[in-house]
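A.B. asks: Sequence:
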Amino acid sequence: MGRRDEAPYGQDASKDRLLFAVIREDPRLEGDLILRTGAKKVLTAASGGCVALSIASRFPHVAVTAFDRSQAQLDHVRAKKDAAERHDAKALNIEDANAEALNQRGEFEKVFRLLRKFFEEFIAPHQELLAFFTRREPIDALDALARRWTGSRYWPAAFHACFTDELLKTTLGMGALRHAEAGSYPDYFQRAFARGLRRDSAPENPFLQHVFLGGYRRGCEPDYIRSAAFGPLTLVKGELSDVTDLETYDVVSLSNAFDRLDETEIATWTTLLRERVKPGAAILVRQFNSLFRLRPHLDADFQFDSALGRSYFYRDRSLFYERFEVGFKRPH
-16 MGRRDEAPYG QDASKDRLLF AVIREDPRLE GDLILRTGAK KVLTAASGGC
34 VALSIASRFP HVAVTAFDRS QAQLDHVRAK KDAAERHDAK ALNIEDANAE
84 ALNQRGEFEK VFRLLRKFFE EFIAPHQELL AFFTRREPID ALDALARRWT
134 GSRYWPAAFH ACFTDELLKT TLGMGALRHA EAGSYPDYFQ RAFARGLRRD
184 SAPENPFLQH VFLGGYRRGC EPDYIRSAAF GPLTLVKGEL SDVTDLETYD
234 VVSLSNAFDR LDETEIATWT TLLRERVKPG AAILVRQFNS LFRLRPHLDA
284 DFQFDSALGR SYFYRDRSLF YERFEVGFKR PH
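The letter at position 14 of the sequence shown is residue -3 when you use my numbering, and the numbering goes up by one with no holes.
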């Protein structure tokens, strides 16, 4: 799949930058699949490491493998694991918005800090955001705050300022826009954040806290930070094809990688899934502002559960994904 000297999904190969300090995915969905399948081995994309670390923490009896093209991303996962084991809350942005701490130092996090600064300047001062995320007001007052923010004349402008195609392309590479409609990201993010802020559980949402406070409130941090104990975790540098024992995994979680792959890469990955994933195993694919459709490539070999995928959309706290494809490998 692609050239071996390529950096992660469109990243500039001349410099292995840390693109993602966190992976904006809710690991409770992988947890649900582990429980449904009785999984003993799970494969995930590494990225910022939060999903792999949270699974390894919550399910210490499960062997977790995470893969990534980028050595910077894999080193970052190790650093976060080490910090969690040291109970170094400050290094993991617990009650701390330090941009150099582990959960804020990626390139993509800069875009969300820009959004937070815009909010503080035009929509909601920091103390108001803090009051919301610490529930300093009754629920009706918190709802009124969210309504006022999303009704602000600056609300659409915030997303059009921070999520332009040009900024995302420059930050994440051309792959980030590969299957998206041109100019669609501002409206996509605007809808996602409006949906999230109006939920009753919004103040405790760690993904919203990470964006609007720059870190996590204590008690709302990801699983791997709270428990700081881990089961087996293996990191593999490379592609899906570099995972040599693909046929041994019970759950294969591929983030939203298909949104960034070109046609040749899609063919390579789907062939691997059809030929090497074992019968009964589950795959989970997230999709983010993407016109690409996965099912036609895998329908013959996987039974997709539309109802389960839709339920994941409503359970998901990350708010990033518009589609969750959950498939189970058919018997031979």
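Keep in mind that the hints were calculated from the coordinates and are not lab data. Among the clues, some could well be false.
Said to hold, decoys possible - Restraint ranges, calculated between C-beta atoms of paired labels, are given here: (1) Glu68 with Ser294: 27 to 37 Å; (2) Glu246 with Gly221: 14 to 24 Å; (3) Asp284 with Thr227: 14 to 24 Å.
For every residue, glycine included, the Cβ atom is placed at its ideal position computed from N, Cα and C.
A.B. asks: Evaluate each hint against the coordinates.
C.D. replies: Now for the hints, and whether the structure bears them out:
no., hint, in the structure
1, Glu68 with Ser294: 27 to 37 Å, "holds, 34 Å"
2, Glu246 with Gly221: 14 to 24 Å, "holds, 20 Å"
3, Asp284 with Thr227: 14 to 24 Å, "holds, 21 Å"
When each numbered hint is compared with the structure, no violation occurs for any of them.
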